[in-house]
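Working from the sequences, and respecting the hints, build out all of it.
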Amino acid sequence: MAGRAKLVAAVAGVSALVGIGIGVAPDPEPERTATVQSTAPTTPGPAASSPPPVDETEAVTSAGAPTGRTDIAAPAQVPGDTQQAVVRRIVDGDTLEVAAVAAGPVLTSADAVHVRLLEINSPETKDPDQSAQCYGPEATAELTRLAPPGSTVWVQRDRELLDRYDRHLLYLWNAEGEFVNLAMVQSGHAEAVLYPPNDKHWPTIGAAQSTARSASVGAWSACPVFGRPEPEASAPPVPSAPPLPNPPPVPNPPPAPSAPPPPPVAPFVPDPEPVPTQDPPVQSGLPSQRLGPDTDCSDYPGPVIVAPGDPHRLDGDGDGIGCDGN
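Residue numbers for the sequence shown follow full-length UniProt numbering, so the first one is 1 and each next one is one higher.
Each statement offered as a hint is correct.
Just the calculated beta-carbon pair ranges, DEER-fashion:
{"id": "1", "residue 1": "265", "residue 2": "309", "range": "37 to 47 angstroms"}
{"id": "2", "residue 1": "148", "residue 2": "109", "range": "16 to 26 angstroms"}
{"id": "3", "residue 1": "243", "residue 2": "148", "range": "53 to 63 angstroms"}
{"id": "4", "residue 1": "104", "residue 2": "215", "range": "33 to 43 angstroms"}
{"id": "5", "residue 1": "164", "residue 2": "211", "range": "27 to 37 angstroms"}
{"id": "6", "residue 1": "105", "residue 2": "129", "range": "32 to 42 angstroms"}
{"id": "7", "residue 1": "196", "residue 2": "77", "range": "21 to 31 angstroms"}
{"id": "8", "residue 1": "316", "residue 2": "256", "range": "57 to 67 angstroms"}
{"id": "9", "residue 1": "177", "residue 2": "203", "range": "14 to 24 angstroms"}
{"id": "10", "residue 1": "216", "residue 2": "114", "range": "27 to 37 angstroms"}
If you're looking for bench data, these hints aren't it; they were derived computationally from the structure.
Beta carbons: idealized from backbone N, C-alpha and C, even for Gly.
Right, here's the structure in full:
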């Protein structure tokens, strides 16, 4: 009897010890797991990889969808009512294509849209109705520099959103916070043009043109008139023919003989005053002419003294004696 009691007590003691050991020190799950992983056969699988970091300037995927991030903070110079977008391509100096990162108050979808920059006008390069204008390629290059394709930009609208070509009329800030519309005018790559009713930034942009024009920057110095077609290249000048040799000198002909001088003109001598007829001297012994209606030398026997003036023409030699032959 006493031996049976000892056996029962021994069994009870062992049971108590086993119960205490299980409750106080159970095997930790991590150790069992580690043990299983160390003893189980391993099977090669694909290596785990983390997604590549997002490049904030990577804006377009190979499929053409915008992938820009919406968590990029706008620079301090960008107004608060703008919307983030990504540049898709540059058309010319005042036109480009952008796509919103996400639908917003300016661009209501993430589809790409054509944007016409407000309050500026750059020389044309794409107008099918006219040839490229002076400084057009330079203006396109400048807009590409300010807002390169793939870069993040912020757009702002004015009162009228679309033009007649369904282009979005917008103001643009680039990733550095530079006001692109204003910068194009300041550098002389565009002129300031007001398109009512959109005039939100006109005082600033209009004043920038006055400064650029006074400083003769960009097109203001490169072009004779802003926005005119490129002057056509003039044809090279045609070389002129060499001058003909001078002909040998021709001797002067001998002078023609001069006409004989006219005979000297006799000096004018006025006619002498007539000498009044004097009565012929009365010669003694000669009869005087008889006066009558008609008389001649037959009426006299010899010479006679004629009457003054010889009225009957008796004095043939004018000596005052008539009828000398009697």
